[in-house]
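All chains, full assembly: derive it from the sequences and hints.
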Amino acid sequence: MKKITFITSDNQSIVTEANSGNIMELAVKNKVKGIDGDCGGVCSCATCHVHVEPSFWNAIGAPDELENDMLEFDDHVSEFSRLSCQLQVSEVPDGLVLKVAK
Amino acid sequence: MTPANNKQTCVIIGASHAGINCAFSLRKDGWEGNIILYDGDPEFPYHRPPLSKAYLTSEPHTPQSLLFPKENYIDDDITLKLGHRVNAIDRKEQNITLEDGTTQAYDKLVIATGARPFIPPIQGIETAKNCFAMRTALDAVNIREAFNQTAKKRVVVIGGGYIGLETAASLKKLGAQVTVIERENRVLARVTTPEMSAFFTELHQKNGVHILTSKTVITVENKGDYNVVTCDDNTTLEADIIVVGVGIIVNTELALEAGLTIKNGIQVDASMKTNDPNIYAIGDCSFHYNPHYKTNVRLESVQNAVDQAKTAAQAICGDASIIYDSIPWFWSDQFDIKLQMVGLSTGYTDMVIRKEASENSFSVWYFKDLTLLAVDAVNFAKAYILGTRFIKSGQILDKTKIEDASTPFKPNNFLKNEN
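Chains A and B are the protein sequences, given in the same order. Taking the working numbering, the leading residue of the first sequence gets 858, the next gets one more, and so forth. Taking the working numbering, the leading residue of the second sequence gets 1013, the next gets one more, and so forth.
No lab work stands behind these hints, which were simulated from the structure alone. A portion of the hints provided could be inaccurate.
From the structure, some residues in chain A lie toward chain B, with a derived Cβ separation under 8 Å [what the hints assert, rightly or not]:
#	residue
1	Val885
2	Asp895
3	Cys896
4	Ser901
5	Leu923
6	Asp931
7	Lys956
Pairs of lysine-lysine residues, derived as DSS-like cross-links and limited to a Cα-Cα distance of at most 25 Å, are as follows [stated by the list, open to error]:
#	chain 1	residue 1	chain 2	residue 2
8	B	Lys1350	B	Lys1404
9	B	Lys1141	A	Lys859
10	A	Lys888	B	Lys1141
11	B	Lys1040	B	Lys1093
12	B	Lys1165	B	Lys1227
13	A	Lys959	B	Lys1040
14	A	Lys886	B	Lys1165
15	A	Lys886	B	Lys1082
16	B	Lys1350	B	Lys1422
17	B	Lys1141	B	Lys1227
18	B	Lys1218	B	Lys1235
19	A	Lys888	B	Lys1413
20	B	Lys1082	A	Lys860
21	B	Lys1065	B	Lys1422
22	A	Lys890	B	Lys1404
23	B	Lys1165	B	Lys1235
24	B	Lys1093	B	Lys1019
25	B	Lys1404	A	Lys959
Covered, in the sense of this in silico footprint (three residues per stretch, anywhere, with C-beta under 8 Å from a C-beta of chain A), are these stretches of chain B [said to hold, decoys possible]:
#	stretch
26	1072-1082
27	1141-1154
28	1189-1198
29	1341-1348
Where a beta carbon is used, it is the ideal one built from N, C-alpha and C, also for glycine.
Structural data, given as structure tokens:
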């Protein structure tokens, strides 16, 4: 079981636990405000944008080309931006902290 | 939310993208009363877009991708009545009647009945072997099973719209021999421009899908193990599986019989309210006003379903000022192509095509004079995102710079100089 924490744009901290699936689904399941995942997780809608807590960035890594294209011109993009539908629980470090983008 | 609302009941007819998102949004927005959803489809509410795409090519027995996990319905006290069709709405008594004759009272009613596939009156289609539409989870399961059971795997897709082409691409990937028959002189004729139609025709042909246009299927004959499909120009094809994707019929019957205003769908105001103050209509079945394009439209998309669901929920929870004003967006995956579209191109006067250096990566920008109406992005999400931003901002763009692929793809490079 991995512990993954979401911090919403109004600074609410939501601690979740999961073994599998993607991070967007985990956020929707835990009603994390600001993560919608309208396209169902196929990197088409950008409604699951998060900022990775910088200390975890190296473990998470940069997005691929499509995801990067989705993020580059987003109004709230940062150097730690990812789309959470593209992050698998099995591949992220335990204790990960993600800030939900506005 | 006033305490009086504690005992109120919101009934939602239709448990797909629109209905389900409305239910969860109602809870989020403070609705404390009952929420009861009805749907004729017995399957636990699922994402529809993957049915013709990833689901069709996934491993056997892959479960449907659920809209929300089952626990969330329990946590939020949302009652699902699946496999229950609604027969009538009584506005005076404020109740609905199910097909078994039982009734359920409502204080607020949301109609999210969507649409159903149109099966054209082709002679013999009702008795055809392995003939399916592509709308529900069951359709996708049936198509997959039929595919696995037939030896020759000859597929005829009737209708070259998005559903038809996506299904064709998925079955081709699985190794089928696929022919798409389109009545118009190009595929996607109803939904996009000749340039995009040409691109997708070529894409399918390169991948080995046969595309036949300007042909109408007139008969289907069941030969036992397979069918013979005959077109109006006497073209005949043998088909082990037939997929019908020629369009939909909007499910407006309940609303019509209840005396609600029907145009090209159920007429709603800016908050998704019908002409009955206690009844809302959302998703594929709603005919609504888009303030950005200043026009009434009915849209068949996930975006429209989800955003209208949220708008209606807020209105039902007492937000009198809510206005639906989303810019429509849509996507389609076929072979290695991701098409992303934003805006409504209807009424465009000119069009700019920008081709990127990498193959099969381009964008089409639709303008009405100086105003950007819509962008279609093919394997180039940047254009989709930036197009969305420009459509919202209404900034005046320099079309020649967009067209010139040597102009680096940066927002400021495309803005028309102010002076």
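- What are the numbers of the hints the structure violates, in ascending order? Violated hints: 7, 9, 10, 14, 18, 19, 21, 27 and 28; rest satisfied.
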